[in-house]
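**Student:** Residue numbers (the working numbering): 600 to 643.
If you are wondering where the hints come from, they were derived from the structure by calculation, not from laboratory data.
Please note: incorrect hints may appear among the correct ones.
[Claimed, not checked] No farther apart than 20 Å at their CA atoms in a straight line, the calculated lysine to any residue pairs in the SDA-like style are these:
#1 K637 - I627
#2 K637 - E618
#3 K643 - F622
#4 K643 - S602
#5 K637 - M608
#6 K613 - I627
#7 K637 - K613
#8 K613 - A600
#9 K643 - E618
#10 K643 - L628
#11 K613 - H633
#12 K643 - V617
#13 K637 - G619
#14 K613 - H623
#15 K643 - E606
#16 K643 - G605
#17 K643 - F615
#18 K643 - R611
#19 K643 - I607
#20 K637 - F615
#21 K643 - V620
#22 K637 - V620
#23 K637 - G609
#24 K637 - F622
#25 K643 - S629
#26 K643 - Q614
#27 K613 - S626
[Claimed, not checked] Label-pair distances were calculated between CB atoms; the ranges are:
#28 L640 - V610: 29 to 35 Å
#29 K613 - H633: 28 to 34 Å
#30 A600 - I627: 25 to 31 Å
#31 V617 - L640: 15 to 21 Å
#32 E641 - G605: 19 to 25 Å
#33 H633 - G605: 15 to 21 Å
#34 G619 - E641: 25 to 31 Å
#35 A634 - Q614: 28 to 34 Å
#36 K643 - D604: 17 to 23 Å
#37 R611 - L636: 30 to 36 Å
As the structure is a prediction and not an experimental result, all values here were calculated from the model.
For glycine and all other residues, C-beta sits at the position ideal for the given N, C-alpha and C.
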Amino acid sequence: ATSSDGEIMGVRHKQFAVEGVQFHPESILSEHGHALLKNFLEAK
Numbered sequence: 600a601t602s603s604d605g606e607i608m609g610v611r612h613k614q615f616a617v618e619g620v621q622f623h624p625e626s627i628l629s630e631h632g633h634a635l636l637k638n639f640l641e642a643k
């Protein structure tokens with residue numbers, strides 16, 4: 600996944616169930632920051 604300006608924001612391994620994303624705790628101050636963190640923590 601990339602941002603609108605081309606920065607890599609997330610990756611996924613092609614063979615294994617491994618994913619990674621950039622996350623900045625200060626985004627909690629954004630409009631949907633708390634919901635984003637809640638959804639991430641509840642993901643299975």
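**Student:** Hint by hint, say whether it matches the structure.
**Tutor:** Hint by hint, here is what the structure shows:
{"no.": "1", "hint": "K637 - I627", "result": "holds, 10 Å"}
{"no.": "2", "hint": "K637 - E618", "result": "holds, 18 Å"}
{"no.": "3", "hint": "K643 - F622", "result": "holds, 18 Å"}
{"no.": "4", "hint": "K643 - S602", "result": "violated, 24 Å"}
{"no.": "5", "hint": "K637 - M608", "result": "holds, 19 Å"}
{"no.": "6", "hint": "K613 - I627", "result": "violated, 30 Å"}
{"no.": "7", "hint": "K637 - K613", "result": "violated, 27 Å"}
{"no.": "8", "hint": "K613 - A600", "result": "holds, 14 Å"}
{"no.": "9", "hint": "K643 - E618", "result": "holds, 12 Å"}
{"no.": "10", "hint": "K643 - L628", "result": "violated, 25 Å"}
{"no.": "11", "hint": "K613 - H633", "result": "violated, 30 Å"}
{"no.": "12", "hint": "K643 - V617", "result": "holds, 12 Å"}
{"no.": "13", "hint": "K637 - G619", "result": "holds, 17 Å"}
{"no.": "14", "hint": "K613 - H623", "result": "violated, 25 Å"}
{"no.": "15", "hint": "K643 - E606", "result": "violated, 26 Å"}
{"no.": "16", "hint": "K643 - G605", "result": "violated, 28 Å"}
{"no.": "17", "hint": "K643 - F615", "result": "holds, 16 Å"}
{"no.": "18", "hint": "K643 - R611", "result": "holds, 16 Å"}
{"no.": "19", "hint": "K643 - I607", "result": "violated, 23 Å"}
{"no.": "20", "hint": "K637 - F615", "result": "violated, 25 Å"}
{"no.": "21", "hint": "K643 - V620", "result": "holds, 15 Å"}
{"no.": "22", "hint": "K637 - V620", "result": "holds, 15 Å"}
{"no.": "23", "hint": "K637 - G609", "result": "holds, 18 Å"}
{"no.": "24", "hint": "K637 - F622", "result": "holds, 13 Å"}
{"no.": "25", "hint": "K643 - S629", "result": "violated, 24 Å"}
{"no.": "26", "hint": "K643 - Q614", "result": "holds, 19 Å"}
{"no.": "27", "hint": "K613 - S626", "result": "violated, 28 Å"}
{"no.": "28", "hint": "L640 - V610: 29 to 35 Å", "result": "violated, 20 Å"}
{"no.": "29", "hint": "K613 - H633: 28 to 34 Å", "result": "holds, 32 Å"}
{"no.": "30", "hint": "A600 - I627: 25 to 31 Å", "result": "violated, 20 Å"}
{"no.": "31", "hint": "V617 - L640: 15 to 21 Å", "result": "holds, 18 Å"}
{"no.": "32", "hint": "E641 - G605: 19 to 25 Å", "result": "violated, 30 Å"}
{"no.": "33", "hint": "H633 - G605: 15 to 21 Å", "result": "violated, 28 Å"}
{"no.": "34", "hint": "G619 - E641: 25 to 31 Å", "result": "violated, 18 Å"}
{"no.": "35", "hint": "A634 - Q614: 28 to 34 Å", "result": "holds, 31 Å"}
{"no.": "36", "hint": "K643 - D604: 17 to 23 Å", "result": "violated, 32 Å"}
{"no.": "37", "hint": "R611 - L636: 30 to 36 Å", "result": "violated, 20 Å"}
Of the numbered hints given earlier, the model fails hints 4, 6, 7, 10, 11, 14, 15, 16, 19, 20, 25, 27, 28, 30, 32, 33, 34, 36 and 37; all others are met.
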